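Participant: What follows is each chain in one-letter form.
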Amino acid sequence: MSDPICRDLSDILRRHHQDPTRLIQILHDVMAVEGWISKTTITELSRALGLPRGQVEGVVGFYSFFLPEPSGQFRVLFSDNITDEHQGSRALLRTLAEALEVEPGQVRADGRVKIGLTSCTGLCDQGPALLVKGRAIGRLTPERLSVIAGLIESNTPIEQWPPDLFHVESHFWRRDLLLSTPCDPGAAMRALEARGSAATMAELGRSDLRGRGGAGFNTAAKWTACAAAPGPERYIVCNADEGEPGTFKDRELLAHYAHQVIEGMTIAARLVSAQRGFLYLRAEYQFLIAPLLAAFAERRSQGLLGPNILGISGFDFDIELHLGAGAYVCGEESALLESLEGKRGIPRNRPPYPVTHGYLNKPTVLNNVETFLAAAQIALHGAEWFCAVGTPKSRGTKILSVAGDVERPGTYEFPFGTTIRAILDEAGAKGVQAVQVSGPAGMLLSASELDRKLAFEDVPSAGSVMAFDQSRDLLGVTQNFVRFFAHESCGFCTPCRVGTTLNRQRMDRIVSGHGTRHDVEDLESVARLMRASSHCGLGHFAANPVVDLLRKFRPKVDRRLASLEVLPSFDLDAALGPARELTGRDDAGAHLSEEGP
Amino acid sequence: MSDPKNTFSLDGHEVPVTAGQTILQAAEASGSWIPTLCHHPEFEPHGSCRVCTVKLNGRTVSACTTPVRAGDVVELDTEELKGLRQNLVQFLFTEGNHFCPSCEQSGDCRLQAVGYALGVTGGHYNPLFPSRRVDASHPDVLLELNRCILCELCVRASAQVDKKDIFALSGRGIDKQLVVNAESGRLADTNLALSDKALSVCPVGAILKKRQGFLVPIGKRTYDERSIRERDLDRAKEDPQ
Amino acid sequence: MSGKKLRVATTSLAGCFGCHMSLLDIDERLIDLLELVEFDASPLTDKKHPGPCDLALIEGGLCNAENVHVLRELRKQCKILVAVGACAITGGLPAQRNNLDVRDCLRSVYLSGPGLAGGGLIPNDPELPLPLAQVHPLHDVVKVDYFLPGCPPSADAIWQFLTDLLAGRTPALGHGLIHYD
Chain A
590 MSDPICRDLS DILRRHHQDP TRLIQILHDV MAVEGWISKT TITELSRALG LPRGQVEGVV
650 GFYSFFLPEP SGQFRVLFSD NITDEHQGSR ALLRTLAEAL EVEPGQVRAD GRVKIGLTSC
710 TGLCDQGPAL LVKGRAIGRL TPERLSVIAG LIESNTPIEQ WPPDLFHVES HFWRRDLLLS
770 TPCDPGAAMR ALEARGSAAT MAELGRSDLR GRGGAGFNTA AKWTACAAAP GPERYIVCNA
830 DEGEPGTFKD RELLAHYAHQ VIEGMTIAAR LVSAQRGFLY LRAEYQFLIA PLLAAFAERR
890 SQGLLGPNIL GISGFDFDIE LHLGAGAYVC GEESALLESL EGKRGIPRNR PPYPVTHGYL
950 NKPTVLNNVE TFLAAAQIAL HGAEWFCAVG TPKSRGTKIL SVAGDVERPG TYEFPFGTTI
1010 RAILDEAGAK GVQAVQVSGP AGMLLSASEL DRKLAFEDVP SAGSVMAFDQ SRDLLGVTQN
1070 FVRFFAHESC GFCTPCRVGT TLNRQRMDRI VSGHGTRHDV EDLESVARLM RASSHCGLGH
1130 FAANPVVDLL RKFRPKVDRR LASLEVLPSF DLDAALGPAR ELTGRDDAGA HLSEEGP
Chain B
661 MSDPKNTFSL DGHEVPVTAG QTILQAAEAS GSWIPTLCHH PEFEPHGSCR VCTVKLNGRT
721 VSACTTPVRA GDVVELDTEE LKGLRQNLVQ FLFTEGNHFC PSCEQSGDCR LQAVGYALGV
781 TGGHYNPLFP SRRVDASHPD VLLELNRCIL CELCVRASAQ VDKKDIFALS GRGIDKQLVV
841 NAESGRLADT NLALSDKALS VCPVGAILKK RQGFLVPIGK RTYDERSIRE RDLDRAKEDP
901 Q
Chain C
103 MSGKKLRVAT TSLAGCFGCH MSLLDIDERL IDLLELVEFD ASPLTDKKHP GPCDLALIEG
163 GLCNAENVHV LRELRKQCKI LVAVGACAIT GGLPAQRNNL DVRDCLRSVY LSGPGLAGGG
223 LIPNDPELPL PLAQVHPLHD VVKVDYFLPG CPPSADAIWQ FLTDLLAGRT PALGHGLIHY
283 D
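Chains as they are written, first to last, in the working numbering: chain A, 590 to 1186; chain B, 661 to 901; chain C, 103 to 283.
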């Protein structure tokens, strides 16, 4: 295949006003037209956008969903979260590959299809799931896969596929304070205007609302610092890059509570005097684009977004939707800002922090979807209402995605202070062996720790709770998580770039029955190094699954070790394979055993 | 000489600090060496190699990017931190293909010299033996990516000093790699010139001027006679930040 | 120090014997050394298989099956195993073939390379050790207790290392003695 320039490039560039900060959105459009991004397209883009060619190539190379070579008309990516794996995704992947007669990871000879894996797509309550041409399909069964195989084989344009394939279900199992109290569009903003900005900020301060994305920073403190930062331009950014495996509550909130989230962003804009906002949505949630754009439009028509909001002269604020492109690290706030600016998602050095130097180095408030939703409710109902539940250090409620071995996977809102056991009971977990709270970057709790409480001061969670029953192999769970981090490391700093790969090798060796005590020692030392010296949170937390496994389930690991002595780090006999093949030898001397004579 | 209000503690010694100094700058000014690889005094600190990791008030940070203030407590040469730095240097040797005996840069290489200074004798980790490109297309310059440690100094120098943006990074994680600003991917098709700053900042032997590799004999090179510790501190003295 | 001499085995695997030459380069200190050690299996004694030893000094990396057998035998017999020199520690010069397919290397050498008459054969005698797909450092296959870097390590570095070890000290090479080239 030659290397053609993207057919619609000039249209695409025009649509995006040739704005280099929109590079990632532009590349999405190129992908939609061509299915890949050619070298000549990169050259042309860099010329049109006034960017160094190497920079554009670097952006294409950074994001999983941008492909520098043809990858089949239909690219099928199976979600590789551990819950998908436990629901049989690997077998289903093989089933589809066999049906389509294609080797996983290879483009079929006729260029029709390529099948592979991708990081968790956020449909864990209705997995196993996959993406085809970027569009999500859940509840996979052999029957649904045979339909998909037929559609691919018949080359049916994806727009003509049966819509029910793409239907994303909703499972709210428990609503508490935030999700059961009505908040009509505009109500919280009117409450703000009635109370006044200073009083509303004080109310937010009294509520002690802490960021729901994981770090738990005080929201009022963040907004106040941004408001105080010098300069005329400020930005509000909503982090909807929900990439932590096992987490899907933001998906549900954006699908069913979008107005409250946007209302929270608008309130933030009013309080810090920002005029522009961004909602950074992970590309896996393509199905949310149309409803979100509709919500923006509806609010504009109601005078709740756009110029002169609520008829107040000078209260101007509008929001743009911005898509991620398959990079977990962009959930880190400063990497997200880089990505918003059209760059590789590399976390920045801090200080300075986004509140003073955020988007385009301007003061920026950046919060999680759920934080904005909570802020809107607090503006409407007040701090006292919010503080009625929770613990003294963790006010209010937490919205959770519960998945794994439970009868009712889905979205739950619980007051902070609820025990993990109560959460699991409500979701119908049976025979719990362990629970992963807050995703791979969070913590693994053993069955003896279930009376611990959901709270910043005990078991914090950015949203995910994944239960594993007695039948699950916890080493396999850790292996899945370690592979995830090796795939998602941005590669900026040495400890994370190299450490995640070394850990993946060690875990692969142990799980496949070739591990030794030496591997365990290395896992421990690499984990220590990553925690102590990584550049950002991803690197700090990427070792958590290994550390927790070794601390809480060491006998399971020891039982799987092949030897206490050092064993070869590679398959010795396989390493003689090429020479055997060429010489035709198969005598005893042409083989080597793992343990030696 | 040092006003207690304007000092911080460095391994138990009070060391003067002026406003805006990083830990690295303040330490070097006081004659304490902190190993660095991705740092170059002419460029904005980067903090990617992490070899300069120290503890600031009990928290590990990179000394090159982190400001220090009066009253801070910095730990530098504890056993724990020395071990950590050794491991990081081993990580860099493990991920690339570093073969010092045949490298033109041997003796002038910061990675090698830091390894010596930290007492790193062996790899410890199993080498990854990555398959990387060698680009010999340019008449005067060799690009040897087997030795690249991804410090981005050439990227920064080409962008900020040469104003050419010849180098950039692509890929991510362990597959991150240096690329050049040409559709062909060949250095020969860029406007690189021998006088470019980007050619002189490579801390290892990844970017080399051709036909100059052995003008200075082994044994007479930058870190042969004086250690990297002495060299860095001399430089800091001549050019206080 | 006990009166008993230290039993030392040495070997060169995928190496060039340069490290052994450097050992001999300690010159007159060899006399002192021989007061303290006796050599078991070594190119210096021509003894092929090691008996129980205190120390093994191993030069060269692992490029074929025989290297692996010799290394494992030494690991079994000795208490302290030292990887000596760049090849033992990193794979070294032989490992420069690691980005090539070993099949292409064999084909090029025996079948298609310049100067070959054609009609050649890749040797398949069971007496010959088969090459590994890649060249590996020693610690990819066995536990290595110490690394003594250099190409070769200088005579002074070897002497320093051995005197430390003989005195029961953890070997420490100061500035100028650690070299990777």
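No lab work stands behind these hints, which were simulated from the structure alone.
Keep in mind that the hints are not guaranteed to be accurate.
[What the hints assert, rightly or not] One-sided excerpt, in silico: chain A residues whose CB lies under 10 Å from chain C:
#	residue
1	S769
2	P1167
3	E1170
4	G1178
[Stated by the list, open to error] Straight-line C-alpha distance at most 30 Å; calculated DSBU-like pairs for lysine-lysine:
#	chain 1	residue 1	chain 2	residue 2
5	A	K628	A	K932
6	C	K178	C	K107
7	B	K823	A	K932
8	B	K869	B	K857
9	A	K932	B	K824
10	B	K715	A	K982
11	A	K628	B	K869
12	C	K149	C	K181
[To be verified] With the Cβ distance kept under 10 Å, some of the chain B side facing chain A (calculated, not the full set):
#	residue
13	K665
14	S669
15	H706
16	V733
17	G879
Owing to the predicted nature of the structure, the values given are computational and were not obtained by experimental measurement.
Here a beta-carbon is modelled for each residue, glycine too, at the ideal position from N, C-alpha and C.
Participant: With a cut-off of 10 Å, does the beta carbon of P1167 of chain A approach a beta carbon of chain C closely enough for the hint to hold?
Facilitator: P1167 of chain A check passes; min Cβ-Cβ to chain C is 5 Å, inside 10 Å.
Participant: Grab the minimum C-beta distance from S769 of chain A to chain C and call the hint holds if it beats 10 Å, violated otherwise.
Facilitator: violated, 60 Å
Participant: Hint validation: E1170 of chain A versus chain C, beta carbon distance must be below 10 Å. Holds or violated?
Facilitator: holds, 7 Å
Participant: Does the structure keep K932 of chain A and K824 of chain B at a Cα separation of 30 Å or less?
Facilitator: Holds. K932 of chain A to K824 of chain B sits at ~18 Å (cutoff 30 Å).
Participant: So if I understand the rule, the pair passes when the alpha-carbon distance is 30 Å or less; does K178 of chain C with K107 of chain C pass?
Facilitator: Measuring from Cα to Cα gives roughly 20 Å; hence the hint holds.
Participant: With a cut-off of 10 Å on the beta carbons, see whether S669 of chain B makes it to chain A.
Facilitator: Violated - the Cβ of S669 of chain B stays beyond 10 Å from chain A, reaching only about 20 Å at its closest.
Participant: Under the criterion of a CB-CB separation shorter than 10 Å, is V733 of chain B in contact with chain A as hinted?
Facilitator: violated, 17 Å
Participant: Report holds or violated for the interface hint on G1178 of chain A, using the least CB-CB distance to chain C and a cut-off of 10 Å.
Facilitator: holds, 5 Å
Participant: Given the hint that K149 of chain C pairs with K181 of chain C, test it: the Cα-Cα distance must not exceed 30 Å.
Facilitator: holds, 19 Å
Participant: With a cut-off of 10 Å on the beta carbons, see whether G879 of chain B makes it to chain A.
Facilitator: violated, 30 Å
Participant: K628 of chain A and K932 of chain A: Cα distance at most 30 Å?
Facilitator: holds, 18 Å
Participant: With the threshold set at 30 Å, check whether the alpha-carbon distance from K628 of chain A to K869 of chain B stays at or below it.
Facilitator: With a Cα-Cα distance of about 28 Å, the restraint between K628 of chain A and K869 of chain B holds, given a limit of 30 Å.
Going through the hint list in order, the structure does not satisfy hints 1, 13, 14, 16 and 17.
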